[in-house]
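Novice: Chains as they are written, first to last, in full-length UniProt numbering: chain A, 1 to 649; chain B, 1 to 206.
Any given hint could turn out to be false.
[As the list claims (entries may be wrong)] With a straight-line cut-off of 35 Å between C-alpha atoms, the simulated DSBU-like cross-links for lysine-lysine are: (1) A:LYS571 with A:LYS583; (2) A:LYS628 with B:LYS79; (3) B:LYS180 with A:LYS571; (4) B:LYS102 with A:LYS628; (5) B:LYS102 with B:LYS180; (6) A:LYS571 with B:LYS79; (7) A:LYS571 with A:LYS503.
[As the list claims (entries may be wrong)] Label-pair ranges, simulated between beta-carbon atoms: (8) A:LEU634 with B:ARG162: 35 to 43 Å; (9) A:LYS583 with B:GLU59: 34 to 42 Å; (10) A:ALA563 with B:ILE132: 52 to 60 Å; (11) B:TYR72 with A:LEU634: 18 to 26 Å.
Simulated from the structure, these hints should not be mistaken for laboratory data. All figures in this text were calculated on a predicted structure; none of them were measured in a lab. Don't be surprised by glycine CBs; every beta carbon is placed ideally from N, CA and C.
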Amino acid sequence: MTGLLLEVFIYLAAAVIAVPLAKRFGLGSVLGYLVAGVIIGPVLGLVGSQESVTIQHYAEFGVVMMLFLVGLELEPAMLWRMRSRLLGLGGLQVSISAGLFAAIAWQFGLDWRTAVAVGLLLSLSSTAIVLQTFQEKGLNKSEGARSAFSVLLFQDIAVIPMLALIPLLAIPELMSGAALAADDGHHDMSLVAGLSGWMHAAVILLSIAAVVVAGHFLTRPLFGFIASTGLREAFTAAALMLVIGIALLMNLVGLSPALGTFLAGVVLANSEFRHELESDIEPFKGLLLGLFFITVGAGVQFALLVDEVGLVISLTLGVIVLKAAVLFVLALVFGVRRADGWLFTLSLAQAGEFGFVLISYASQTKVLPDDLVPVLLLVVALSMFLTPLLFIAFDRLVLPRYASNTEDRESDKIDDRGPVIIAGSGRFGQIVNRMLRANQVPTVVLERSPEQIDNMREVNIKSYFGDATRPDLLLAAGIEEASLFVIAIDGEEQTLALTKHLKHAHPQLKVLARAYDRGHLYALREAGADWVVSETYHSALQLGQQALRALDYHPFRAHNLTAAFDEAESKGRDALYEQWLKKDEDENFGRGFQSLYIELEEALHGLMLYDRDDGHSRSERGWTPPPKDYAASLVADPGLGKADGSDTD
Amino acid sequence: MSARRILVLFAHPSPARSEINRHLASLAREHPYASFVDLYAEYPNYRVDIDREQQRLCEHDVIVFLFPLYWYSTPALLKEWQDLVLEYGFAYGREGTALAGKYFICACSAGGPGAAYDASGYNHHSLRELLIPLEQTATLCHMRPLPPFALFGSRTAVEEGRRDEHLRAFSGLLDHLATKPLDAWLQSEACTVNELLSLSSGETPP
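This is chain B alone, in the form it adopts within the complex (with noise of 0.2 Å):
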């Protein structure tokens, strides 16, 4: 199988401040299979370019998110690029029928612990269950959603030395969704993909 192509639209409004997301969009910008989108770098005023970006969804086979979890969700440039970008006829609709069968990943930090997306933690709800509208979204737009890639507790990682280690785990995603089987992770109720990552570094069962 030919190498899928990876589109990585990156979406962090203040990234000169950021210490997780910076890193693994230049890791994504280095990828060989990546495409590297910085969404705010090149929409500063929020005008999205709507048939470039469709022109670009249709060129890759998978489609990555990369942005930090504002509010259960994605920054509002991010959001606005769904709204504008995901059009009738393109997306969905009777017609909308581009995104059909790409593979569809959020790759997201969360600011609070594992532990808090949890039916007993304060969020009440795992990450996957609050992501719920972004795989919907790629539900309907014929995509196959994939469970997100996270790391939790981003805002205390660099200093409990877990960066380097997501790093090397982003890297790993970004080889094994260009290259390797993703049936599992499809079918996989997991709430995030890093549990399977370690799964798929070894023999993936049949």
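So here's chain A without its partners, still in its complex pose (with noise of 0.2 Å):
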């Protein structure tokens, strides 16, 4: 019991450590669970490779569970819609890589069969650190990271037929004389021992049929009663039932668990409890992943890499180059032009984190020798830590060049001339775009990014390519006849930078800016911008109008006091204008900003508040009755009214 302990100890503590370093390092996490085990392993020596089986068996369940969260992912709808390029993109990267890795494989002497396995499983990238990074850098949208998501998602999907395909290629060399079935060689219960073949396969057909039958009409009731119970614990187990008893059922039946599960994670796809499923599930997920990254890392032969370290290194640099020229081959093929077809070569050039599973599994099923084990190990590994040099590569020499190419194309010869020219037709300028058009103001709208241009061509509106700060572009806009100047380009420096160029060039011009925020305002209007406006500001007035009807406010009251909160922002905003103008050298904002601010916060707060006096309040404007017993002071005052022969009453 402590031994386990404490060795489940030892890989939660570097877990710990070592993660988050890594994410620190801007590594990703699987780096760092590999990290971890390089580190607990080879390293230090804390475990060795003996006692890392058991917990091996753990870790693999991580896989399992991966696939059953890739499947609740797959809905079929997505899957349609992407059909083109999941198939052509995915299909056609897996199938090269893998043919031309399997090729070489063979040359340099491997058994076929062995080379095939190499080369299914080193056609493979990492999903986890490819999304990841594509998440924190902010890459998501970009067409090339769109046409990398096709392929990932393929070659997700593309492990469970090699799964599948892997134990048929079991070299009987391999083998000793051990079972020939089991592909871990630990099963002591199998339904389908001693079987004749064809009753094997009906007994497979059988397991999958249920798993396809009962997770589209058992599940739902079954968690529908689990779910209306709101115990959430409950909901959790059923859940990891589910999943452990349909690996159990797919071992019992000699077939992969992580196909089964896969399955299951499919006819689940479209189920109501696949997001809680799936936030169940993940927690788990997670942790066995970490752990089997650990392992894997724990499992890296040091000695062989420093042994060996040319043919490792090159073997590494090889399977990444051979990759990128697949990858950009394809890009070319398919239009992921520019930078964006250079993110796509260069972030699926690495081997995955299925690498690791296909080798232990194919290790286990006797389809890779044992000495190819540790190299194919480091080399998978070693490709996976380069990948952030690969990202860094694009930011740094990719990024730079497709900027500067940028200002080189061509911008669009303009022949529309009006009297209103916008900068942007991003989510802000385009919908200032859309109201002026539909008053029959002509516009001139000049935009960076060609995907907006093509965008809003499609839906027939014009922009035209080319960067507003760019003074000869303007004065290709015709910006000596325009009156009016609206910018709505992202970037506050090149904000204040037009508005200064614009109002200095062009004085006759009026200027209308949007401001990422307070300070920016500021500095807008300093510079001379004739209007501006927060870019949040009125959005936000907007539902905070929206938030006191629902809270029950009367719409027009609602309506006053958000028309009551902007008057007195305006005028506060003046006020701190003056004191943002005194703004010392060295602070942003000085003191008596900020107690003016204050100040400000509070009057705004006391005139939302007049309101609830009862009775008449002359600070209370609008619509306030007169107080109750009023029509007694209007009998005519003989002083008034009279003298002049007027009707009283």
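Since each chain sits alone in its own frame, please combine them into the complex, following the hints.
Specialist: The following block contains the structure:
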């Protein structure tokens, strides 16, 4: 017991220390786990490969859960939408890479079956590292990332047939006299032992049918019943039971547990319990998968790396270069161009975590000879370690080149002229533009993103490619005849610089600008913008008003409170601006600004609270009834009115 | 007597379509004795600034409502203006004497012909009768209401060549309000002040 606890403690401690550090250095959690494994294994020798075997069995369950989650994500509708890229890009990438690697491995004298397995496992890339990096770098929405995502999705799905295929590649010579069917030699139970071939096939088909049918018809009432009890842990238990039960069934009939849970995931992808299941399984998956990567790290044979450093490194670089070449060609063929093409090429050039899964699976099923396994593990791990370098190369070498190429791209010839020039047709500028166009006001729109221009063209809104901060382009856009300029480009500095330029070079222009926040607003105002709006201010007001309405304020009252807030805010804004102008050199906002802000904020609260006073209040304006006894005071005053003979009551 | 200061409160929600009021408005805007306020331009959101409006009222001796007649009354914003600005304790009530003694007049355009504003016409009442709520409001606010200044048949005034004449009359009205005695108008039972304008342009009978 103590031994087990100690071991678990070492693993967890390694994860707790290494993963946050790895993330801090921008390496991502997968690499963090691998490093943790390397440190407790080959470096410190805290865990030997022998004890790791037990833990490895638990760890492999992380893979099973990951596949369940992958299955859950596979909504048929989404797959259908992505079908061309998924099959085209993904299918070609996996088959061409796998084919090339297998051919090369075969050339190097490996058995053809081993070569096929090597080809398959090297063709996969690291979903975990790549998606996380996209997210961290905010590249998710780019064309390159979307293409990469479809390839990764295809790879994740392709793992399933690979897991099914690999046992068929088993090489009899590698088998000792041991059992032929067992996939890791640890099964003492089997439903299919001793069955004839067709009986075996029938049992397998029945099991799969059971998973599909039960998943479709039984899980809903079961989960519905458990959910209705409101016991969260019961639901978690049920989710775990489902995954473990399917894995067990698959083991019993000699199929891959990962395959079974993946199938179950797909069956449940459209279920209303999908998100609940996902969030329940996710932590277990994360932990067990982490454990899996640690065991992989712990299994790295440093001695081998040192002995064969040249071989390992050249193999790793070879893998990366070859994959990159395949990806680059595919990017060209599929029209993923320029920076997006490079992102696609560089992000997917490493081998992935599924490679580890396939290595251990292929080694258990005697497809890979034992001496090849540590080399492959090193190659896959090293290529993953090099991934951040590839992203750095993208940032440093590719992006600047295309940024300057953007400048080089011929700006569109501008054949429209209009009294209004709008810089930027993103989510802000396009609304301004639509509003003006709807009122037959001719506009000239300048936009820096070709993608955005194409998007707008699709809905028949014309904009011109060009950088609005370039004076020559502004002249081409007819700035000398324009009377109004709307700045809706991203980037606080660019907006400010453009405002200054416009007010300096074209003083006749009215400049309307969008500010990022309060400080930016003041800076733009100081730069001479005629009207500045904070980009989120008015939508926040609208939402605030809606919030009051949702709290049962009368709509008209909510409207008036919103307007009163706006009026107070505008007045306060002017006062704060005066204060801001006096800001100290070293401080962005001086102390005076702060206290003024607090003061205005209190005044605002007071203004909103006036309404609480009952009865007649002169400070609460707007439809306040006169006092209850007011009519008595209306008796005509002889000194007034009567004098000129007019009628009074 | 020093000239009276005139406040023209103009209310037209769509001046771009206006054929008459727009011109009356620009005339008032230029007039040396008048302060001109375009209410729909200042308060497009109907958020009337009560303090500011009351301040303006206090600074003037004659209050002119300039508007097209909508359903026998003012456009909505001018009604809103009344509801908010003519506050209890300011314009009426025991202490509400801020407007005492000021003159009040409506300058409005009516779509229907003059004959329609008659007991025998389809409106059954004279314009002055129809504007009694405004007149009474002014009275309750201790102001001195004058008969309205009006243009009938305003939709066809341009075609019939009556606009220039009306503009001249409005200019005369503003001059008169600024500088002439108003007692005769005040006591008149006339349906509109237009009838009295020619009278006053000559020598006012004692």
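Novice: Could you run down the list of hints and mark each one as holding or not?
Specialist: Outcome of the hint check:
| no. | hint | result |
| --- | --- | --- |
| 1 | A:LYS571 with A:LYS583 | 19 Å, holds |
| 2 | A:LYS628 with B:LYS79 | 23 Å, holds |
| 3 | B:LYS180 with A:LYS571 | 42 Å, violated |
| 4 | B:LYS102 with A:LYS628 | 28 Å, holds |
| 5 | B:LYS102 with B:LYS180 | 15 Å, holds |
| 6 | A:LYS571 with B:LYS79 | 27 Å, holds |
| 7 | A:LYS571 with A:LYS503 | 25 Å, holds |
| 8 | A:LEU634 with B:ARG162: 35 to 43 Å | 42 Å, holds |
| 9 | A:LYS583 with B:GLU59: 34 to 42 Å | 38 Å, holds |
| 10 | A:ALA563 with B:ILE132: 52 to 60 Å | 33 Å, violated |
| 11 | B:TYR72 with A:LEU634: 18 to 26 Å | 25 Å, holds |
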